[in-house]
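Student: Single-letter residue listing:
Number of protein chains: 2
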Amino acid sequence: MADALGIALVGCGTVGAGVAKLLLSESARLAQRAGRSLELRHVVVQDQHKLRPVELPSSILTKDLNVALHDPHVHVICELMGGTTTAKQVVLESLARGKHVVTANKALLADAGHEIFEAARIADRTVCFEAAVAGGVPIIRALAESLSANQITSIQAILNGTSNFILTAMAERGIRYSQALAEAQQLGFAEADPTLDVDGSDAAHKLAILAQIAFGVTAKPHEIERVGIEQIEAIDIRFATELGYTIKLLAEAWVAGGHVALHVAPVMVRKTDMLAQVRGSFNAIQLVGDVVGETLFQGPGAGMMPTASSVVADLIDLAVGRAQRTFDVAKLWSKEGRGFSVEPSEKVRSRFYLRLMVMDQPGSLADVCRALAEQGISISSLVQHEAPEGNSQAVPLVIMTHYAETGKFRAAVKVIDRLPAIQQPAVSYSVDD
Amino acid sequence: MADALGIALVGCGTVGAGVAKLLLSESARLAQRAGRSLELRHVVVQDQHKLRPVELPSSILTKDLNVALHDPHVHVICELMGGTTTAKQVVLESLARGKHVVTANKALLADAGHEIFEAARIADRTVCFEAAVAGGVPIIRALAESLSANQITSIQAILNGTSNFILTAMAERGIRYSQALAEAQQLGFAEADPTLDVDGSDAAHKLAILAQIAFGVTAKPHEIERVGIEQIEAIDIRFATELGYTIKLLAEAWVAGGHVALHVAPVMVRKTDMLAQVRGSFNAIQLVGDVVGETLFQGPGAGMMPTASSVVADLIDLAVGRAQRTFDVAKLWSKEGRGFSVEPSEKVRSRFYLRLMVMDQPGSLADVCRALAEQGISISSLVQHEAPEGNSQAVPLVIMTHYAETGKFRAAVKVIDRLPAIQQPAVSYSVDD
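So the sequences go chain by chain: A and B. Per numbering that gives the first Met the number 0, residue 0 is the first one in the first sequence, and the count goes up by one each step. Per numbering that gives the first Met the number 0, residue 0 is the first one in the second sequence, and the count goes up by one each step.
Honestly, the hints are just simulated from the structure, not real lab data. Note that the Cβ used here is the ideal one computed from N, Cα and C, for glycine as well. Take the hints with a grain of salt, since some may be wrong.
To be verified - Here are the computed distance ranges between Cβ atoms for each label pair: (1) A:R172 to B:D327: 48 to 56 Å; (2) B:T240 to A:E171: 15 to 23 Å; (3) A:K334 to B:H72: 29 to 37 Å; (4) A:T83 to B:L23: 43 to 51 Å.
Whenever a hint applies, use it, and build me the whole structure from the sequences.
Tutor: Have a look at this one:
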């Protein structure tokens, strides 16, 4: 058996503790899978005396990153501290010191993938990041290895478990966003500050990484248009259900007219679609490849042990030597690997759901239809329920359009929002068909 | 760029034609993914003049396997002819000649995996077989690489698209087995002789391969207990629906009491379960790993291009050098890789659905309940519909049991089948909860 693969963890929060636990408790199994021992030599932490969810021999705990960097028996640094400032320094220093890097840090890769991968190429070392997207779901390997005969043409993914938990609760039990969020927080599925989860930022980071692998697209997360789930109302979930759809927060990227369109947004998905069936905090990624057709990968998107499963799979791949070979050919975040350019969101074609609150008065429907027609948008279906008797308030008018350019649809909505019969701003979602 | 990887195909039916098409039409893409060219040098066929779904340069068509075996620029032989006799010779000769082997042949591996893998180890060559299980779904890599930090504890899989197509049609449209089969044949989803698909043999071959990777179990396909779908009646599908379940033909293997239980059988799956949502000819594999938890992989289980996607992924892995490393550490079908032993099916614990046709006469229900009680089996729910007025015929009695040993359940059913009030043999399915 070859020499042990020496490992140092930097950061020992939830994920780090899970990785340490797995390395320490399943060393025989992991050695068998890797063809050599995986030896945890150092765990670099800020506070050596903090209580952690895993018991670590005090000999391997250290506050000094240099202990790990200068240990010639350490081959891999696992950056599990999160954040983008210190974490980036740790990764770049590790590479410069000749260490491979395993990271679960989506924000770091989405922000600084180019710089990090260039540094790795210069140092002739490998960066692995299976855990950075969709936790325990091996989607990085699926894209970079398993489906390598394909040009991926579309990615549709549920990449944020918190949002999916909230939307599932709203859809299945008819509760409001605020109540569903409160429950998610009580159950530990949402952070005290859930902003990055529910506003689509987290999913945008992960989408940026997937789009790099699948399309060679380098899109900074802030360049990815995103809409969160905070504004979703119970009434639209009800209408979606009536129409045979479910609203899911999707991270989507697809080839359109030689470019790649990408966004994160609540999308109406047909109830019979596999993505509609993904419940609770699970993640799922639906890929279409030009050779294989449609495939789906699903599993836990976060959590201590699912994420540790992916980090340790990367360690095994490094020990076996697979990861280095994939790194060499994949040419991620490089000039040679550059692929598609990004389609401006205005040009993206989609079907749309449009819900208006309209005063029940002559001519209002005609005005709405005219605004759409002026942008060349045709209506696929339209439902206006009767106002409750004796009620002169606005009633919901729900329109499903045929395919239209996003820019033209937005222009029509702008006009509609100014019509005198329209009582509150239009609500709209793209519809996946 | 390294030298080209030289490839010969043996067999050019549906899958072979798909592979040839992909290699010829996407050579630039594949070279980029593999870091070197994939060069199709020979296609060995029985009849050089037969019309094929792909146009091949006549210079590469040959009837002589030796042309491929003696070409020093051929590194890989793709065995895509099917069958277990000649195919086995081709594989063993190829290995002996120093060629790597890629095969889509599930029956061959399930039958002769041990012999083939020993031959490969002796020749220091690699055997790849992603396409042998679940067509385009990269489940071999998921088990052997992506989830390598895990001990898999359970596999539940829809591995036969024909059966799933038929069951979907029966469940969604209430039609009978014979009608659904006829439709599947008309649409090309079922062979003229569908026996191996609908009797569970095909799924058992695939399960034997998955169980070898996940559990180190060497189970010959004929040792795997299997029940097909030919006997499934519309009435049981209706009752399943009423109870909140769907009947799926599942290939299952799971760790129980230090052993592995495995079988292929129609199983009642809860409607909210992801496997219940798998429609038509798709395949899906749900894996539970002790670290990651529950994951699901879904995609097209057969077809020219999906299967070609997996064959060519193997070729790319060989070109890159990943496949050789996985082969070395995985130790499949070897003494060192031997793992769990197989649990006798009698000992397997499950919940059961039991449907009896009972004469509505005093004491008959008591007799049935006593037969179950005598085997220590307790009843979870029981439904007996009233007989239509004036009808003295047998009425269906549907019982759901709590967990019980299969052997004891079968003993109880034997007794029940002999009761005077029972009008036809009991129908039973395991229930997945």
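Student: Mind listing which of the numbered hints don't hold for this structure, in increasing order?
Tutor: Violated hints: none; all satisfied.
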